[in-house]
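Enquirer: Position chain B against the provided structure of chain A, taking the given hints into account.
Read off the chains here:
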Amino acid sequence: MNRRINHQASSQKQLCTPAQHVMSRRRLLGSTAAAGLLGMGGLGGLVQPLIADELSQSNKQVLFIWIDGGMSQLESWDPKPNTKFGGPFRSIQTTLPGIRISELMPKTAEIMHLLALDRGVTTVDNSHSAGVPRIQRGDPKDRGVIYPYFGSAVAKLMGQGNSPLPPYIWVKPGSGGFKYQDAGFLGPRYGALAIGDGQPPPNLLLPEALSHDDNAARNRLRNFANAQYAAGRNPTFGEAQSFVFDSAQALMNRQSLFSDPDPADVELYGDTELGRDMLIGRKMLEAGVRFVKVNSYGWDTHGDNFNGHASLMPRFDQAFSAVVLDLEQRGMLDNTLVIAMSEFGRTPRINGHIGRDHWPEAWSIVMTGTGIRRGVVIGETNKTGTFVENDAHDIGDFFHTWFTALGINSLETEYLNNGQPLPIAHDDCKPIKELLT
Amino acid sequence: MPLTFDTTETITPTTQRLSARFTPCGKYLITGGFEGLLYRWSLIGDERTELSVIKGHHGWVEAIGFHPTESRVYSGDSWGGLACHDYSEENPTTLWSREFAHDGWLRAITVGADGSWLASCGKDHSVQCWKTKNGKLTQRLVGHETDVYSLVVHSESQSLVSGDAHGKVIAWNRKKGVPERKFDASELFLQHRLQDVGGVKCMAFAPDGKTLFVGGTRPKGGGNVQGVPLIIGFDWDSGEEVFQRELGVVGDVYVHEMQFHSNGYLMAVTSGNPGTGQLLFVDTNAAVKEGESEESELPYRNNKLSNCHSISLHPDGQQFAVTTTSKGSNGNGRRLDKDGNYVGNHSPIYLMQPSNVANEKQ
Chain A
1 MNRRINHQAS SQKQLCTPAQ HVMSRRRLLG STAAAGLLGM GGLGGLVQPL IADELSQSNK
61 QVLFIWIDGG MSQLESWDPK PNTKFGGPFR SIQTTLPGIR ISELMPKTAE IMHLLALDRG
121 VTTVDNSHSA GVPRIQRGDP KDRGVIYPYF GSAVAKLMGQ GNSPLPPYIW VKPGSGGFKY
181 QDAGFLGPRY GALAIGDGQP PPNLLLPEAL SHDDNAARNR LRNFANAQYA AGRNPTFGEA
241 QSFVFDSAQA LMNRQSLFSD PDPADVELYG DTELGRDMLI GRKMLEAGVR FVKVNSYGWD
301 THGDNFNGHA SLMPRFDQAF SAVVLDLEQR GMLDNTLVIA MSEFGRTPRI NGHIGRDHWP
361 EAWSIVMTGT GIRRGVVIGE TNKTGTFVEN DAHDIGDFFH TWFTALGINS LETEYLNNGQ
421 PLPIAHDDCK PIKELLT
Chain B
1001 MPLTFDTTET ITPTTQRLSA RFTPCGKYLI TGGFEGLLYR WSLIGDERTE LSVIKGHHGW
1061 VEAIGFHPTE SRVYSGDSWG GLACHDYSEE NPTTLWSREF AHDGWLRAIT VGADGSWLAS
1121 CGKDHSVQCW KTKNGKLTQR LVGHETDVYS LVVHSESQSL VSGDAHGKVI AWNRKKGVPE
1181 RKFDASELFL QHRLQDVGGV KCMAFAPDGK TLFVGGTRPK GGGNVQGVPL IIGFDWDSGE
1241 EVFQRELGVV GDVYVHEMQF HSNGYLMAVT SGNPGTGQLL FVDTNAAVKE GESEESELPY
1301 RNNKLSNCHS ISLHPDGQQF AVTTTSKGSN GNGRRLDKDG NYVGNHSPIY LMQPSNVANE
1361 KQ
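If you're matching them up, the sequences are chains A and B in order.
The working numbering numbers the first residue of the first sequence as 1 and each following residue consecutively.
The working numbering numbers the first residue of the second sequence as 1001 and each following residue consecutively.
Honestly, the hints are just simulated from the structure, not real lab data.
Source: prediction; values computed, not measured.
Heads up, a few of these hints could be off.
[Unchecked claim] List time: in silico BS3-like cross-link candidates among lysine-lysine, alpha-carbon distance up to 25 Å: (1) Lys-80/A <-> Lys-107/A; (2) Lys-1210/B <-> Lys-1182/B; (3) Lys-383/A <-> Lys-1055/B; (4) Lys-1133/B <-> Lys-1055/B; (5) Lys-1210/B <-> Lys-1175/B; (6) Lys-283/A <-> Lys-107/A; (7) Lys-383/A <-> Lys-1338/B; (8) Lys-1304/B <-> Lys-1327/B; (9) Lys-1338/B <-> Lys-84/A; (10) Lys-1176/B <-> Lys-1131/B; (11) Lys-1055/B <-> Lys-84/A; (12) Lys-1176/B <-> Lys-1133/B; (13) Lys-1338/B <-> Lys-1327/B; (14) Lys-80/A <-> Lys-1055/B; (15) Lys-1176/B <-> Lys-1136/B; (16) Lys-84/A <-> Lys-1327/B; (17) Lys-1055/B <-> Lys-1136/B; (18) Lys-1055/B <-> Lys-1027/B.
[As the list claims (entries may be wrong)] Sample of chain B residues with no beta-carbon within 12 Å of chain A, all distances over it, derived: (19) Asp-1006; (20) Lys-1027; (21) Cys-1129; (22) Pro-1179; (23) Ser-1238.
Positions of the beta carbon are idealized from the N, C-alpha and C atoms, including for glycine.
If we strip away everything but chain A, and leave its shape as in the complex, we get:
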């Protein structure tokens, strides 16, 4: 049975309204107990502060690989060779008996036994503008409030841990800076610090002429100015500003994160934009960053999809397989949740520009690492890859699954949004047990 959330009906019947949350007994109790904690954790707090303390001691981390624009599932994880929509490429055997993936991923085929693959993903949004944020916020449908991106959620729920570094770093091509928008109702403190084009944040190094004492004096002045600014304003903004500054200062002490890479690492990850960023991502994880998002752009292959994937996929294949193997060999994979995904897949139908358009109906997500069962493939599409057969999974199911893999009880843990208890993952969804250890 293909389980899809009824998005039209649910807008009336199932949408999480503030009233519904207030009326929930469990949440009402939680809300009462936590009412005094408001303001301690930004706009959005947690109903269960003790759980938050425990999670903050966890050494679990996340590597979230975002393939922006939409990787074709048919040229990657769910090939349908020699069918009318299957495209030109062959499939190849992986290390999992009976499991084949696209010939464009030979290195990944060699580590398939380390991965968990879901070929039965069905989501709603078929535009980038809706899909990119909604998928990363875990929204199968509009929930009435702006939920945090997964990185912001993990930053909030698990904190920095023992690392002084920012809990949510986004390694991406293009510009860097602080991206507060990711945090949604949690407040700007839980936004992403973006590392653009492999470059450290500007002004990472202190000017040589600036002495230690002068720098300390400068910081005192800054703190004074911050206090003046924060007086009379929403405390979360001042708090966010200080937090970001402190995190950036911590990065100042870790210049090695941005030093020239080891040539052997470049060979392993690939001398490409994604290889470079994946390597930085690994270094960030090594340094203790809680959540690292590595971003690749240029996957919106409406035109020339097959020639495009012929060069895109091998470069993804190299960087992805390298980081998984690298984390495993460094003993980090057991503590790191690794996810690779886009905002949707691509249409089975091949358009006149020999491209594929946006297809949220049937696509794939791959993951590995902490809490995830390895060497498992679930979900199935039909013979021509057009639709999911049997149980389909929506993004809310994955948020439940990933939180669970990180040791967070996604069914019990709740945010507090201005006193309003809100589930951290969607009410209509649940963890996918087959993917969990």
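Expert: Showing chain B alone in chain A's frame:
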């Protein structure tokens, strides 16, 4: 007198095709499909009859070549297979096949003028020569560093030329098995983020053999590939670039195929954003005059066709076939027909000829 052409017939396959070729005898039209099949139409008589399909391939069958005098079709597929069939048989049998002629996508086939050899190229960066009689590999030419997309043979010298995904064009010394000369068509290539964009999509020699034309796009970006259709001409003797012509705007993207018509003009087809396609006749001898747009120089432009992927000249030197993709071919999300089925696109094939020829026939 301006050039005009009439569509004499439209063949409408139910599935997508990227290429259609007239056989040298002119009695058949052969197209390659997406499911490892070759399709045939009989052109004998007034009705176009679809004949039995030729099986045995896998994936996409784009590369098609013919023996000049015998009823042999040589075809290559995207899994690397190469095969020979007698296209005139009612149910063509496979005369020979090489399942792994290339490691991956076999992109193009060209056949020598005497019909004794053919060359193929593909994803494995190689150009390979085969005996047409039995499919025996005679030569593996190594010199490209990326996928080889296109091939052409000089009509007099029988020099073999190959063009690749990065815009490198190599003229081979087949006796020695080494590159003899190289032409730089890197304007047809762009490295955009992780993606290789463009490449040499097609090539053609001028009828006098003095100029080599290469076609593709002047790439602007990857992902949803955009670019301006572009043809570059190289003097065959000196290797100097002697011709360059952009043939549209950014969304028109690729010159997919070109061939000289008997009227002396270079026929070219382009395909870009869904719904855009051009059939063009280019005067390769005319220089663009100062103050004139390049567009005004074209003897013929038809931009009413949708996504033109191939053009094939009939042996009569007048008729030609243009392979297109159905209009309305794109769209995000599920689009179902009235019966709730998810349907694919198809490829109308237009048989065209100069208007004066059509008038004479009447």
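Enquirer: Any of the earlier hints contradicted here, and which numbers?
Expert: none
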